[in-house]
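Participant: Can you build the whole structure from these sequences, using the hints too?
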Amino acid sequence: MSFTSECTNVLGHLMFHKSIIEDDAAPDRESKIEGYLHMVDEMQKGTLVDSDDPFERSVAVVFELVVNNKMNPWDINLIEFSKMYLARVRKAGDLNLIIAGKLVYMAWEILKLQTEQVLQRVDRPEHVDIMFDGWDPDHLDLFVDPFELGAGEVILRTNDAPIDEKVRRKSERPVTLIDLLDAFEEAKKESDIRKELAKFMEKYRRPEFEDKSHKESLEEDIAEVWERIQTCGQGSVPITDLYNGGKEDRVKVFVSILYLARMGKLHIWQEKMPFGEVFLEVKVPWDIAQLEDATAATAMKVEEVPVVK
Amino acid sequence: MRTERIVEAELFSAAKPVTVTDLQTASGLDARTIRGALKRLMDEYNGSDRAIEIAKMGPRYAMQVKKEYSTQAGRLAELKVPKDVLKTASLIAYYQPVLQSKMFDLVGAKIYDHVKQLVDLGLVKARPKRKSVELTTTKRFIETFGIDARSRQDVKAWLEEQAAKLSGKSPRT
Amino acid sequence: MRTERIVEAELFSAAKPVTVTDLQTASGLDARTIRGALKRLMDEYNGSDRAIEIAKMGPRYAMQVKKEYSTQAGRLAELKVPKDVLKTASLIAYYQPVLQSKMFDLVGAKIYDHVKQLVDLGLVKARPKRKSVELTTTKRFIETFGIDARSRQDVKAWLEEQAAKLSGKSPRT
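Protein chains in written order, with this note's numbering: chain C, 1 to 309; chain V, 1 to 173; chain P, 1 to 173.
The set of hints was computed from the structure by calculation and includes no laboratory data.
Please note that a few of the clues may not be correct.
As the list claims (entries may be wrong) - Label-pair restraints from in silico Cβ distances:
{"hint": "1", "chain 1": "P", "residue 1": "R60", "chain 2": "V", "residue 2": "E68", "range": "25 to 35 Å"}
{"hint": "2", "chain 1": "C", "residue 1": "S2", "chain 2": "V", "residue 2": "A15", "range": "37 to 47 Å"}
{"hint": "3", "chain 1": "C", "residue 1": "N159", "chain 2": "P", "residue 2": "E143", "range": "26 to 36 Å"}
{"hint": "4", "chain 1": "P", "residue 1": "D49", "chain 2": "C", "residue 2": "P238", "range": "52 to 62 Å"}
{"hint": "5", "chain 1": "P", "residue 1": "Q24", "chain 2": "C", "residue 2": "N159", "range": "23 to 33 Å"}
{"hint": "6", "chain 1": "V", "residue 1": "A15", "chain 2": "C", "residue 2": "T4", "range": "22 to 32 Å"}
{"hint": "7", "chain 1": "P", "residue 1": "D49", "chain 2": "V", "residue 2": "N46", "range": "34 to 44 Å"}
{"hint": "8", "chain 1": "P", "residue 1": "R2", "chain 2": "C", "residue 2": "N72", "range": "46 to 56 Å"}
Predicted, not measured: the structure shown is a model, and the values here were computed from it.
Every residue, glycine too, gets a C-beta built ideally from N, C-alpha and C.
Facilitator: Printed below as a string of structure tokens:
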């Protein structure tokens with residue numbers, strides 16, 4: 001395939017994403033995708049001009065790599081991709097682009113996830129839910145049985161489940177020097193961030209937290225709650241899942257997630273006001289959150305967080 | 001060193017189901033050679049009376065104990081899904097995407113504990129929806145139960161097939 | 001169901017060397033039958049060109065990859081020491097001798113669990129000191145990672161060198 005048709009593929013991909021922008025999407029989403037479309041269009045025509053903005057330049061590099069390497073825009077091998085990206089940026093000797101590249105990498109991953117979610121939504125049979133839209137299902141139980149058992153009734157009635165856990169080997173390999181070095185690099189970055197976080201807390205502590213033990217416990221609380229969140233897996237988590245004791249624990253969890261949200265680590269939202277469940281979601285895809293990108297992002301975020309009053 | 005023996009060694013020691021790309025990275029062989037080797041190995045293993053088979057789950061392959069030997073072998077392995085949770089898991093897979101409140105109607109109060117276990121094991125995903133939680137199966141579900149599927153729809157279809165077999169075999173009320 | 005197939009399934013899933021008694025407990029077969037099955041399996045596997053063999057180590061038996069295939073095979077297996085624990089180990093090596101309370105500041109509450117695992121693996125030594133515990137690496141740490149070092153100071157120096165290389169390689173803002 002030619003350069004032009006590769007560009008057309010990418011344009012098609014972007015058009016699709018533009019067409020599925022929902023009403024509740026971020027307000028700048030449409031203009032952002034417009035910008036991308038414009039960029040690829042220019043690239044196709046050969047009229048793309050280098051931008052001064054490192055983020056824009058790295059987006060251009062992304063498109064360039066996808067087009068030149070004939071990558072399928074619907075199925076980017078992210079590992080391959082990030083390797084190529086880093087090689088490309090190192091060659092250019094542009095440090096700004098490394099940081100920007102991490103953001104692009106995350107954005108790309110999120111875009112990909114969203115596509116999957118949209119496709120699932122399209123496939124999902126909605127009729128049962130639509131029937132009860134806006135109704136209080138609690139009041140319907142009397143005269144409606146909304147659940148069609150179908151052939152699944154056989155599964156319900158049988159003693160043996162139709163699935164069984166496959167028996168596989170638990171394989172292990174010894175740790176090599178490279179493993180250790182990789183681990184060290186990650187650990188060093190993470191502990192540096194913890195130190196920065198501690199400094200941040202010190203600097204912007206609330207006056208009533210003057211008391212040393214109080215401040216220490218707040219930091220520990222946040223760290224502990226962050227760890228609890230990490231055990232909850234991907235996706236949205238109801239805050240009640242994090243509670244683990246009495247009233248004091250609830251306050252601790254609540255205050256900690258407010259801090260974490262301000263640090264830019266979490267989204268928090270409530271579906272029903274004022275007493276509905278509060279939900280939270282880690283802001284970057286889970287696997288990346290565990291890796292260096294999250295640490296880099298947090299390191300930057302720490303600087304940006306407003307003063308806690 | 002014959003290529004299928006290299007792939008055999010890799011499948012044997014892989015910690016989880018692997019793709020052709022994984023096998024490529026580990027062996028340095030090209031994709032076509034690996035596909036050929038996989039085909040020969042599957043014929044060799046699955047066609048013999050050996051207790052071990054090579055299963056295909058969508059794009060992933062794994063060496064595993066054949067179903068008829070899994071009870072004995074399971075005692076030395078560390079199986080993670082309790083037996084009573086398996087049925088709930090298969091019902092979720094069959095009805096997915098399904099609200100937890102509906103699953104409550106089917107299996108009762110134990111649904112909360114089962115869903116928690118399944119989510120912890122990464123087999124089921126729970127997303128808040130209305131007043132309840134919507135449940136769907138994950139990629140790990142496909143891998144753990146060795147289902148040849150690429151999507152939730154495939155998993156559903158596979159379970160429908162199993163249900164049909166069950167009802168043909170032993171209909172009970 | 002032939003007895004050697006049951007034993008085959010068990011050896012495969014055990015993933016570590018097992019005794020005849022272990023196999024007995026799992027299968028319910030008697031020791032003589034199991035010994036016979038093991039003999040037949042060893043002939044079958046070890047005499048063939050397969051990448052997998054059944055090895056006897058004293059009283060224990062294990063299914064494993066033949067030596068000539070071990071390089072390729074290792075790549076897809078899981079790390080013996082979980083990555084997270086390994087990260088903590090490298091920090092202990094870097095800061096040693098270091099108080100557990102200081103490590104708590106660096107990695108958080110998981111330090112307790114990690115230190116326990118590392119002590120169990122024999123990679124780290126913990127000695128009570130003041131109100132906390134002092135952590136140092138062991139000889140086995142050096143052996144495990146093949147670091148060219150004779151003392152803890154050497155390990156530290158080696159890691160410092162690596163850290164300097166790292167920070168030279170990827171300067172952070």
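Participant: With reference to the structure, classify each hint as holding or not holding.
Facilitator: Status of the hints after comparison with the structure:
1. The given range of 25 to 35 Å is respected by R60 of chain P and E68 of chain V, whose C-beta atoms sit roughly 26 Å from each other.
2. Roughly 42 Å separates the CB atoms of S2 of chain C and A15 of chain V, a value that falls within the hinted 37 to 47 Å.
3. At roughly 52 Å, the beta carbons of N159 of chain C and E143 of chain P sit outside the given window of 26 to 36 Å.
4. Our hint of 52 to 62 Å for D49 of chain P and P238 of chain C holds, since their Cβ atoms are close to 56 Å apart.
5. A hinted range of 23 to 33 Å for the beta carbons of Q24 of chain P and N159 of chain C is consistent with their spacing of about 29 Å.
6. Judged by the Cβ atoms, the range 22 to 32 Å given for A15 of chain V and T4 of chain C is violated: they are separated by roughly 44 Å.
7. Judged by the Cβ atoms, the range 34 to 44 Å given for D49 of chain P and N46 of chain V is violated: they are separated by roughly 19 Å.
8. Look at R2 of chain P against N72 of chain C: about 47 Å separates their beta carbons, and that is inside 46 to 56 Å.
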